[in-house]
Structures are given as C-alpha cells and as structure tokens.
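Once you have looked at the hints, place chain W on chain Y.
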Amino acid sequence: MSECAQFKRRISRYIDNDLNELDKRGIELHCASCPACGELLASYRRLKHHIRNGFGPAGYADAESDPVSRAKVKVDPFTSRTVRLQLAALLALTAILLSGIILKVAHRAVRPFPVIIERESCRIMNSPLGTLVYYQELAGAAVHLQYGTIEGISGAAYGDTGSDGSSRFIYESPLFADNAYVGNHYASIQNSSFF
Amino acid sequence: MIMPAEASSEGDPAQGFVEEICGYRQNLVNVAYRILYDIEAARDIVQDSYIAAIERTGTFDGKSSRKTWLYRIVINKSIDARRRSRRRLGLLERYFREEVSCGHRNPADNADDLDLIRRMLDKMPDAQRIPLLLCDIDGLSYEEIAEILQISLNTVRTRIFRCREKLRKEFQKSGSSL
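First to last, the sequence lines map onto chains Y and W. Taking this note's numbering, I'd label the letters of the first sequence as residues 1 to 195. Taking this note's numbering, I'd label the letters of the second sequence as residues 1 to 178.
Keep in mind the hints are simulated off the structure, nothing from the lab. Beta carbons: idealized from backbone N, C-alpha and C, even for Gly. Possibly wrong hints are sitting among the right ones.
Listed below are the simulated DSSO-like cross-link pairs for lysine-lysine, each with C-alpha atoms no more than 30 Å apart in a straight line [unchecked claim]: (1) W:K166 - Y:K8; (2) W:K166 - Y:K48; (3) W:K123 - Y:K48; (4) Y:K24 - W:K169; (5) Y:K8 - W:K169; (6) W:K67 - Y:K48; (7) W:K77 - Y:K48; (8) W:K169 - Y:K48; (9) W:K173 - Y:K48; (10) W:K169 - W:K123; (11) Y:K8 - W:K123.
Computed spacing ranges between beta-carbons, pair by pair [what the hints assert, rightly or not]: (12) Y:P35 - W:D112: 23 to 31 Å; (13) W:G58 - Y:C34: 52 to 60 Å; (14) W:S174 - Y:L91: 49 to 57 Å; (15) Y:T94 - W:R119: 41 to 49 Å; (16) W:R25 - Y:L103: 42 to 50 Å; (17) W:K169 - Y:A92: 56 to 64 Å; (18) Y:S33 - W:E20: 46 to 54 Å; (19) W:D122 - Y:R46: 15 to 23 Å; (20) W:G139 - Y:A92: 42 to 50 Å; (21) W:S85 - Y:A88: 22 to 30 Å; (22) W:G16 - Y:A106: 57 to 65 Å; (23) W:G58 - Y:A92: 32 to 40 Å; (24) Y:S33 - W:D112: 31 to 39 Å; (25) W:R84 - Y:L29: 46 to 54 Å.
The following block holds chain Y by itself, in its conformation from the complex (with noise of 0.2 Å):
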C-alpha cells in the first residue's frame, strides 16, 4: 500500500509527460499489476480529458472559439467595448449633422436670403449716406424685399426711371450700415410697376 501512495504522484506525471522513459516503464509494468493503481490512472486520464474536452479547445473555456462566449457577444452586443466606441462615435456624427441642419432651418426661416436681380455700385449724389434697395423675384414679379428700418428718410430717398424703363429706388438700409457698401450702393430693376 506505502508503495502504491509512491506511485500515485508518479501516476500523474505520466498522463502529463513528466517522466523519463525508465520510470514510464516502471509505471506501466505497476499499473497493469495493481487494480488500484490501474484504476487511478485511469481516474486521472479520464479527467485530464473532462477539463481538456469539457473546458479546452473543444469546449466550454476557450473563450476565443468559445461558442458560449460568442453567444453572450451577441445577445449583448454592448458589452463589446468596441462596438460601444464606434456607436458613441456614430452619436455624435449624427448629433453633429443634426444641429447643422437645424441651426440652417433655423437661419433660413428667419432671414431668407435675398435674391438681388441687379446691384449697382455708384455715388449718388445728393443723397444721403448709405443708401441701398433690395428686389427679390417673387412668383415672376419683383418684390421690395427690405428698407425696415430706414435711418435719417422716410419712403424712397432717390428714384427715377432710366432710359431703359427701369426704375430705381435708393433707401438707406441698416444691412449695410457697418461695412463699406454703406454710401455706395444700390440696387435696381427693369421695368418694374411693382412700385
């Protein structure tokens, strides 16, 4: 029996490779003599396998091949810190895009841009500092987009109709009033009745 207990570590370096060729032999030759020892190394071959099968390549914890381990990845995909980094950086592309496109709306709806048909650049005499008139096309028809605030004159400051027909109104505008058109400018158009 005290030789068997010998034998049991041995035991277990041989299913692990650990042993010289002699002492391999000399395990061989004992456990094919003694049930017991036979029946341990059989024990430890069996579960050798179990942990190597069960939990190894083929099994359950190689987490790489693992098909539990990929099964959770896809129930979760959150947990993946990578698919977190490219939906957080999707977010913030689409929150991006998303206020650029709401800040234009925005901007649009207050202040439409104004289509200027024509826009001249001359001093004008007798007339005021600052003067400027916008036309927009509207449905085919010239339309007197802005004078709101109109600063030192009330209605046209200057007009007249060219020898082409077309008729000019000169105002003051506040658009202007802080950069270099202030003076210089005016806008007119052709044959227009609109005024």
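Same frame as chain Y, but now just chain W:
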C-alpha cells in the same frame, strides 16, 4: 529560406517581438478567460499585457522564453483583475450567470460531470488550479509552468498532483464516477 516574418524580425527586433507576442494572443485570452470567466475582461487584460510587455521589453532578461514571460504577465494581471472584480460582483452570482448561459456541451461528455468539475475547479485555490489548467488545457510542460509561475519544478508537480487528487476525491464523494 527566410520567410518574410523572419526577415522583418531580423531587420527590426521590435517588429519581430510584436509579431511573436501577437502569435500567442488566442492562448493568452483563453488563459485570462479561465481565470476571469469574462471574455471582454480577458481581451482587455491581454491588450494591457501586450502594452506592458512592449513597455518592458528592455527589462526582459532572456532567462525564460518570451512565451512564458507573457503568460506570467497575463496571469498576474488576470488574478489582480479578478480580485478587484470580486468586490463588485460576487463569485457566486457570476457562477450562476455562467451556469444559465452555458448551453454548450461536448455531447461526448456528461454535462453533469462537467458542471461538477467546473464547480470544483472554482473552489480550488489559484495556486493549484492555474498549474492544472495550464497543463491540461494549454498543454504546457511542467518546466514552462514553473517558469510562468516562477515556482520550482517540484512545486508544479506537487500542485498539479494535489489538485488532481482533490478533484478525484470530490468526484467520489459526490457519488459520480470518473
């Protein structure tokens, strides 16, 4: 004949080192997973270990192989991570969560036996469990395990034997037969 990888390794030692350690990735993730039972955490640990290995390349003394050196880094980091995570999530809860999700079984094996082994292995101290898993699952030699865990060869033999013997006895007690 020099393969491209060898050529680049010879040309650039740092590149060769990175290529070499990347070759062990799957094994390392598996080792970390068997300690942590969390695939995402295991991948993070391996990633951290690579960074640590690259940072410490200069301190690698060459007494052991790079493979065992990497295993050591991963195992140490995994054990630390598990210690931290145990504070957040009880091992029991983790165990039951795994039990519920563990639908895969090797049809050739008895599912109850695998559950029992798993439960028993969880109860084993790391000092005994990790050498056995490195031996039985990763197929590492006793010498490699000794290098990785920085323990003597005889200690490896003793721990593996004790762990195996405990598992066998637990099996007998439970009424199951191996």
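Indicate whether the distance between the beta carbons of S33 of chain Y and D112 of chain W respects the range 31 to 39 Å.
Holds - the Cβ-Cβ distance for S33 of chain Y and D112 of chain W, about 34 Å, lies within 31 to 39 Å.
Next pair to validate is K173 of chain W with K48 of chain Y; report whether the Cα-Cα distance is within 30 Å.
holds, 19 Å
Please verify whether K67 of chain W and K48 of chain Y have alpha carbons no more than 30 Å apart.
Satisfied, since the Cα-Cα distance of roughly 23 Å is no more than 30 Å.
Is the hinted pair K8 of chain Y and K123 of chain W satisfied, with a Cα-Cα distance of at most 30 Å?
holds, 23 Å
Is the hinted range of 46 to 54 Å satisfied by the C-beta distance from R84 of chain W to L29 of chain Y?
holds, 50 Å
Restraint status (C-alpha distance of K123 of chain W to K48 of chain Y at most 30 Å)
holds, 18 Å
Please work out if K8 of chain Y and K169 of chain W have their alpha carbons no farther apart than 30 Å.
holds, 13 Å
Could you say whether the range 57 to 65 Å given as a hint is met by the Cβ separation of G16 of chain W and A106 of chain Y?
At roughly 58 Å between Cβ atoms, A106 of chain Y and G16 of chain W fall inside 57 to 65 Å, so the hint holds.
Range first: 32 to 40 Å. Now tell me if the beta carbons of G58 of chain W and A92 of chain Y are that far apart.
Given range 32 to 40 Å: holds, Cβ gap about 39 Å.
Quick one, are K169 of chain W and K123 of chain W close enough, alpha carbons at most 30 Å?
holds, 14 Å
Assessment of proposed distance window 23 to 31 Å (beta carbons of P35 of chain Y, D112 of chain W)
With a Cβ separation near 27 Å, P35 of chain Y and D112 of chain W satisfy 23 to 31 Å, so the hint holds.
Would you say the C-beta atoms of T94 of chain Y and R119 of chain W sit inside 41 to 49 Å of each other?
holds, 47 Å
Violated hints: none; the structure is consistent with every hint.
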